[in-house]
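Engineer: Kindly produce the complete structure, drawing on both the sequences and the hints.
What follows is each chain in one-letter form.
There are 2 protein chains.
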Amino acid sequence: MRVIVDAFGGDDAPLAVLQGCELALKEYDGVEITLVGDIPTMKKVASEHQIDLSQMELIQADDIFDIHTDPVEIRRSMSNSSMAVGLKELAAGNGDAFLSAGSTGALLVGATAFVKRIKGVKRAALAPIMPSATGCFMLIDGGANLDCRPEMLQQFGLMGSIYINKIMEVPSPRVGLANIGAEETKGGELQLEAYQLLKQSNINFIGNVEARDIPLGACDVVVADGFAGNMILKSVEGMGALMIKELKDMFFASTKTKIAALLLKGQLKQFKKRMDYTEYGGAPLMGIAKPVIKAHGSSNPNAFKNAIRQAKEFVQKEVIHEIIANL
Amino acid sequence: MRVIVDAFGGDDAPLAVLQGCELALKEYDGVEITLVGDIPTMKKVASEHQIDLSQMELIQADDIFDIHTDPVEIRRSMSNSSMAVGLKELAAGNGDAFLSAGSTGALLVGATAFVKRIKGVKRAALAPIMPSATGCFMLIDGGANLDCRPEMLQQFGLMGSIYINKIMEVPSPRVGLANIGAEETKGGELQLEAYQLLKQSNINFIGNVEARDIPLGACDVVVADGFAGNMILKSVEGMGALMIKELKDMFFASTKTKIAALLLKGQLKQFKKRMDYTEYGGAPLMGIAKPVIKAHGSSNPNAFKNAIRQAKEFVQKEVIHEIIANL
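Chains as they are written, first to last, in the working numbering: chain Z, 1 to 327; chain P, 1 to 327.
Simulated from the structure, these hints should not be mistaken for laboratory data. Do not rely on the hints blindly, as some may be mistaken.
Here are some chain Z residues pointing at chain P (derived, C-beta under 7 Å) [stated by the list, open to error]:
| id | residue |
| --- | --- |
| 1 | D11 |
| 2 | L15 |
| 3 | D147 |
| 4 | P150 |
| 5 | R212 |
| 6 | K234 |
| 7 | T255 |
| 8 | K256 |
| 9 | A260 |
| 10 | Q267 |
Idealized CB from N, CA, C, for every residue including glycine.
Structural biologist: Okay, here's the thing in structure tokens:
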């Protein structure tokens, strides 16, 4: 089981990527790693930080796909970037999964162009996994497709249900449609039609869910078009960041509050772990013909390690095979 | 300055409404109140809870508009509900503002039908005011109009800017367009066209804002279509609720953590107050020809009091006059 990793994607690349890969090799049996990027730079960084690259395969790619480059450039001028080379390696069968913390837009365009979609899948979706009051949920689509048709949302529901069932081992994942109200008659044309299609699907569709109930654990898979999904994803992230900031200010207010922070140390650590979405890995690109995972841009070594575990499970639990069988 | 209040809207009506009105009369000079609802019930509840109704005008309405009734019913079978009667009183000039914690949909339909929109305003919007890291922001539209045209979003930006300038006394409110990225080229057709219209408007348009930056204080007015706005509003609410729940669990974990909670008492109180959106009142219906305010369904007496202060300022600071002058 070989995971191809873009060594030059993410804010702390390549250092955090290399460290994450080293951790993953130690921890996960049966995982092999191919690193794609500028080999001299990788070797230099590895030697500076005592990272052992001897068990990893290295593939040279001269360019780095910058987050600000137009995503479609990945097919043209950026086709020798670490991301494009890694995707082509995956397409050629020289690995089982691909992982990158680089530009989401480029990864979507590149994965669709080089690796292709599963036959019959209308659109690939970005599907982050996020913490909730009761565990976690998959949000599909988190921002890949701004204009969606009802059939796309139906496919998102099916693919999300299979992923959460296989990877998170939830027996019959509750699939909900993000909407402005719970009643069947709520929403615009897209939601009304998608509701009926999801209802007819062979999944555990629980109907509409209001965004308020999503972080509270309303369902295991939240289906939305990419624009609405992005609003949910980013609002939840932003509100989480605000609350963390407020908490920090609170604990640093005085000697008294610093003592309180000490007394809460164990709870705060647990809380931080529970709210850390990188514990679940990155966001899979659902609908692509082979496992492709987008790690968060700010991933640290532990986040990369978790994303490699996720890639391993994505392959071993045959998620894509199951999607093909159910389409 | 007379505020007409729907005594039978909200989860704790009429008790919380009557108590809020009593508090407002004591606190705010120059405010007069008209309560609409079933007079015998109001009198009974007031006498049971020692609430002084002698300074308030009471108007009889036989029906209560239930939150589950179809909103359009307000014009037909529910035209004798406390909400409809109150709106008709406002339209007839028997008061300066109307306040209800009842069904949002019915209030929108009723306000548009009985009070009408400002001439030239294409759609009325629900515009909640929410806390952020740096103070507060108005979200317009929070869920009234699922299908919006670019010109509607332009008007939302203008109306929001005027409200925040007049009521919150922000000199040149920063108006942002909710979008999936900061660049001018991001988003679907609606966002691309609205961006250009907002740029041409006589407001301080700062461009696109990502949902993640909204709770962190990215701007003072967030413009969105009603569906996207509702996703933002409810996600922020839900994530806030999740964090509060997690905090509570943390503080109740053991004797040690309970001591920590005691040490943090002052900070927790301040934090709660800062995160309490009812401190700013309710959500004004922007674009209606007279001030109409939707209070939160779960409003307590203090929330009703704040919404009455908000109604008073909405009238006295001539927000609607200013909107008409700038359309």
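Engineer: Against this structure, judge whether each hint is valid.
Structural biologist: A quick look at each hint next to the structure:
no., hint, in the structure
1, D11, "15 Å, violated"
2, L15, "25 Å, violated"
3, D147, "6 Å, holds"
4, P150, "15 Å, violated"
5, R212, "4 Å, holds"
6, K234, "3 Å, holds"
7, T255, "10 Å, violated"
8, K256, "5 Å, holds"
9, A260, "4 Å, holds"
10, Q267, "4 Å, holds"
The structure fails hints 1, 2, 4 and 7 (numbered hints given earlier, in ascending order).
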